[in-house]
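Enquirer: Go by the hints and put chains R, H and V with the ligands onto chain E.
What follows is each chain in one-letter form.
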Amino acid sequence: MTAKKKTPLERDLLVKMYKEMCLFRRFEERVGLAYTKQKFSGFCHLHIGQEALAVGVQSALRETDYMLSGYRSHTQAIGKGILPEAVMAELFGKVDGCCRGKGGSMHMFSKEHRFLGGHGIVGAQAPLATGIGFAIRYRNEDDVCICYLGDAATNQGQFFEAMNMAATWDLPVLFIVENNRYGMGTDIRRTTSVDSLWKRALAFDMEHSDVDGMNVLTVYDHVKPVVQQMRKLHKPYFLEALTYRYRGHSVSDPGTYRTKEEVEDYQKNRDPIMQLERYLVENKLASEAECKAWDNEAKDKVKAAEDFADRSPNPSVDELWEHVLVP
Amino acid sequence: MTAKKKTPLERDLLVKMYKEMCLFRRFEERVGLAYTKQKFSGFCHLHIGQEALAVGVQSALRETDYMLSGYRSHTQAIGKGILPEAVMAELFGKVDGCCRGKGGSMHMFSKEHRFLGGHGIVGAQAPLATGIGFAIRYRNEDDVCICYLGDAATNQGQFFEAMNMAATWDLPVLFIVENNRYGMGTDIRRTTSVDSLWKRALAFDMEHSDVDGMNVLTVYDHVKPVVQQMRKLHKPYFLEALTYRYRGHSVSDPGTYRTKEEVEDYQKNRDPIMQLERYLVENKLASEAECKAWDNEAKDKVKAAEDFADRSPNPSVDELWEHVLVP
Amino acid sequence: MAILTFREALGQAMAEEMERDPNVFLMGEEVGLYNGAYKVSKGLLDRFGPKRVWDSPISEAGFAGLGVGAAMVGTRPIIEFMTWNFGIQALDQIVNHAAKMLYMSGGQFNVPIVFRGPNGAAHMLGAQHSQAYEPMITNIPGLKVVTCSTPYDGKGLLKAAIRDNNPVLFLESEMMYGLKGEVPEEEYIIPLGVGDIKREGKDVTIIAWNKVIHKVLEAADALAKEGISVEVLDPRTLQPLDEDLIFASVRKTHRVIIVEEAWSFGSVGAQIADRIQKECFDELDAPVARVCNEFVPMPYNEAQEERVLPSLDRIVAAAKAALYL
Amino acid sequence: MAILTFREALGQAMAEEMERDPNVFLMGEEVGLYNGAYKVSKGLLDRFGPKRVWDSPISEAGFAGLGVGAAMVGTRPIIEFMTWNFGIQALDQIVNHAAKMLYMSGGQFNVPIVFRGPNGAAHMLGAQHSQAYEPMITNIPGLKVVTCSTPYDGKGLLKAAIRDNNPVLFLESEMMYGLKGEVPEEEYIIPLGVGDIKREGKDVTIIAWNKVIHKVLEAADALAKEGISVEVLDPRTLQPLDEDLIFASVRKTHRVIIVEEAWSFGSVGAQIADRIQKECFDELDAPVARVCNEFVPMPYNEAQEERVLPSLDRIVAAAKAALYL
Ligand SMILES: Cc1ncc(C[n+]2csc(CCOP(=O)(O)OP(=O)(O)O)c2C)c(N)n1
Ligand SMILES: Cc1ncc(C[n+]2csc(CCOP(=O)(O)OP(=O)(O)O)c2C)c(N)n1
Ligand SMILES: [Mg+2]
Ligand SMILES: [Mg+2]
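Chains as they are written, first to last, in my numbering: chain E, 1 to 327; chain R, 1001 to 1327; chain H, 2001 to 2325; chain V, 3001 to 3325.
One or more hints might be untrue.
[Said to hold, decoys possible] Residues from chain R that keep clear of chain H, each with C-beta distances beyond 10 angstroms, as calculated:
no.	residue
1	His-1107
2	Asp-1195
3	Lys-1199
4	Lys-1224
5	Lys-1235
6	Ser-1250
7	Asp-1295
[Stated by the list, open to error] Reference listing, derived: stretches of chain R covered by chain V, where coverage requires no fewer than 3 residues with Cβ under 8 angstroms from a Cβ of chain V:
no.	segment
8	1095-1104
9	1116-1122
10	1128-1136
11	1179-1188
12	1208-1222
13	1319-1327
Simulated from the structure, these hints should not be mistaken for laboratory data.
Note that the coordinates shown come from a computational prediction; the quantities given were computed from them, not determined experimentally.
Even for Gly, the Cβ is constructed at its ideal location relative to N, Cα and C.
Next up, chain E with everything else stripped away, as it sits in the complex (with noise of 0.2 angstroms):
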């Protein structure tokens, strides 16, 4: 594992990586869980696969950093601070979600840990992230904005704008594809002409690099330095993260569109969990029964999150008035 020679991580970060990553799982599969159960309705699209990404550019990151996402950013919006409680009530609609039951699913916010949504509109974030780039820059100051982006997303004229004014202005967006291949269910090569997304940053001049998604060490090792450089020279960054979702589009996609085998070989051999548990366990970081308890803890974690998200009551249904425009 490459990432193992460039930087010997203190055992702590790791460990909360670790962590991390089994509390993203963990909360997913349990959301995939209340959905089949009706706990909530609409649409539900799971990152299960896709945590080392999420994990490895959090941990690059400062709290007052910005991020915007689509709707496939439960668990970026928790990376980013937001209570898996205040996460799985707004899925269940109610009162104590992070939008109070309004936002759902695809709609996650959180002024207070600067997590800007949760988008349904595919390549409509970029936009949006590339003016809070811009405000970063009106205002002096040295924070980078994450916009985690679809790999269809980059068929999407909204996105091309964006990519090319961050570009021009020297706006601080890290423009994140995570490219797990397909959209929905349409394989990526079958929508556009390129092999790798990284080229769209061609047509910019814009800095850019692929990264293996799946594995947390390589992602914060490649993110950190970009991160840094970004705080000091303030130009967009375009990064192509290889990586792939475990799960449906959404939990009623039956996936007939892939292998059972190409599934099982990233589950297998490439699993974000398993390669940092091995990772942990050849270097005497950790052991394996470590890894399980914390991967235990995780689980009751998210068993409370559930339960919270069941006691909360449901906003007063008066509450729909409120929001529309602001005095």
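Expert: For chains R, H and V with the ligands alone, coordinates are given in the frame of chain E:
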């Protein structure tokens, strides 16, 4: 002049190109005058200075090829076969205009000549052209579709989406960016991050090149093989043509955003008509007297076109009810 | 007659028209290999092959514009928007190009194209996935706008839309795709611009379309039990409107309720109300009443969403108010 | 009072608000070095520098979205669309993002932004450059929509729009930028949501806004000569509407004409007519009448264009018809 060595074009073609460029130049001059004489109103975008591109490209095409453009397309429309009379009459809003006076200065169309507009929304002709390319393939024909765009149109989301589809599906669209360096009053370098617009094609692995758009022979030599290849392989192609407009963006533009020197440099040293005239004379293919005569011919033609447009009646007011829907 | 789901009926309409005319093709996100996000295009790729059924990139403006261009030169595209919430990415191509091309070109280029997809709220999809767009897209000359409330209407109207030589915007509903209804084996076409009386009545006319009409029919049953006879009118085509049918019904009942699962401001309902008050001024025994979505973005919470949409109670109450009961 | 052109008054409004609040910035095509396609932003770049005045690429969706994002974190963008015909490229950012952000986020992120630019027909610009968009954009909760018909109103309303903490769509008119009018030296604000009686009258109320109101005032003069007293009402804000002012005038005159330089179907006029027939049913001595653009794309030909727009004659005729004269 490089083209000299490259191809000893038959004199006929050279003369035809010369006459065409004179016609385009004189036509637009007269249109500008007619506008100041208030023979028509609204917008008026002149193509003066960019004749080499229109003529060089047109000469590389065959009649059945399709063409779309933006609003700066009076002469491209003539090149494609619409009579100057019909274009002038359209500008004057007369019934003998190529759109019966309904389209106007930005919207020239001719089904017969496969000139599909004449479009006013920057960049929006790109998806349309891609649709023509699609239809060509759908019927297994070997025509090509020319899509003219301004430099500033390469910042429009629709343009990128069209490029991606054309590249992904192998649609025979030749995207030609007339890079006259300004989008209205804004230097293109202030609204994009790249020094060369052909880099837009890199995002899609689309074949591309740039060409001196001020020299009609260079353009012709460059485009001819491109089009021939497109007929065989049906793949799209992106061409950045470096050119310049002598007049303001529209007749109402004082053009204070660029220096007199810059404009004069093009007019004195790179003028397309002057360049071809020099070539004809140097190569003893024509005398200055002949050139002068051909230019006078052009002036007469244009005068005739204006007289025709003057005499042409307005459409009946009641025609406004027609062409909203077809039966 | 066969019993089909709404999605099957719409799929049949496309299949039959693709069979009939080789110039008809389908393009949209996930319409091919995935058989459609809502399975309306199920089986079409297998049956007609990749040359007739195209999985598009997520480029609504791009593939809508591609359709318009292709339609200008003789093909007849069916463009599927996964939902109309995404269709507005392509509004420029629909409004400035599809709708205006024939006019700008002085009659030279008509645009035979269908843009179709589900419109309006489904269930707990939140604000960005629940908007009803007919108030926006019916304001444009050069476009026809069609809705449907039964599998029978859906099939007959979609076939007419595909054969129409003008741009047609066709509005479906996610929640109705599973709805079953009778559909004749033999071919039939329902002409655009012709409304339908879904239930005859004499005391009050309720005008509605698309999914909400089923709530209106429920309300009519409930009101019937109280001796109130409701006429339910589905215009089916919203642009142009079948005003004759509407005015005739008003002249019969003298009372009108318009029910829309859309925002009220400047909606199709507002237009119908205006036309009625203008043309049937002396026929009205009560002002035209309207029941619409509450004027807020769609909340995710289930009870709130239900409260935003027109409810049985609100419809019944409006009908009674019109009768001064 | 100083006499200013409309463009100067609007420019002053922006300058004063940029002076007052460093978080206010202007972005749009050609607004800086070129001083604005219609010179509304003349001098702002010189005065405030490149950090406050941004020439954008031709990327309406992109820079509209940039504005929404920037507004979410404390800046107050003014986004100029060269015209609203291009603004619809950004409709998704306006409708799905600016309008819904506060609601989706459960009240966390308001979006203090102004989208402004000329709307409606100018003169001989053809179909793609002549559309009036208020019928589409007033249907959306979460947005305010403002128009103006005089330099005085324009300045006072634009200042209010810039200070508003919600997204405001501000509609101007190319043809009015040169129009002169009195504008006080001292600062003033015209609150959003408040209409204005442009002329008092008692026989018939004519409701209109933006450029066409000047034709309506002409018509009022003409009718006065025939002894008909016309009240001219400018709602100024279209979303939300000042219904109290409208209903009060209707209760006074009992006759209403709505004049719009826009297409009639489901327009703001349709909404106003519906509200009046509902709330003032027994007050009306004649049906609410409307004068709108003919329902066709805008032709280029001058005489045809003139015929499409509401004319003095059509307005006068409508007023007389309402009086059964
Ligand atoms: C503009 C727009 N078009 C279509 C959709 C419907 N849609 C939702 S997700 C999706 C696929 C996106 O795939 P990708 O960007 O790769 O993200 P992933 O789901 O793989 O994380 C589509 C087509 C949408 N939400 N927005
Ligand atoms: C979508 C859109 N935005 C803005 C405009 C207004 N506009 C017309 S031409 C133009 C500049 C275009 O410049 P370029 O593409 O370089 O073409 P050129 O005029 O130089 O030929 C602008 C901003 C428009 N017509 N369409
Ligand atoms: Mg994907
Ligand atoms: Mg240019």
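Enquirer: If a hint holds in the structure, say so; if it does not, say that too.
Expert: How the hints compare with the structure:
1. His-1107: His-1107 (chain R) not clear of chain H: closest Cβ-Cβ about 4 angstroms, inside 10 angstroms.
2. Asp-1195: holds, 26 angstroms
3. Lys-1199: holds, 20 angstroms
4. Lys-1224: Given that every Cβ of chain H is farther than 10 angstroms from that of Lys-1224 (chain R), nearest at about 24 angstroms, it holds.
5. Lys-1235: Its Cβ never comes within 10 angstroms of chain H, the nearest being 16 angstroms, so this holds.
6. Ser-1250: holds, 19 angstroms
7. Asp-1295: holds, 32 angstroms
8. 1095-1104: Per the Cβ count (5), the hint holds.
9. 1116-1122: holds (count 4)
10. 1128-1136: Since three or more residues must qualify, the claim that chain V covers the segment 1128-1136 of chain R is violated, with 0 doing so at under 8 angstroms.
11. 1179-1188: holds (count 4)
12. 1208-1222: violated (count 0)
13. 1319-1327: Contact hint for the segment 1319-1327 of chain R vs chain V: holds, 4 residues under 8 angstroms.
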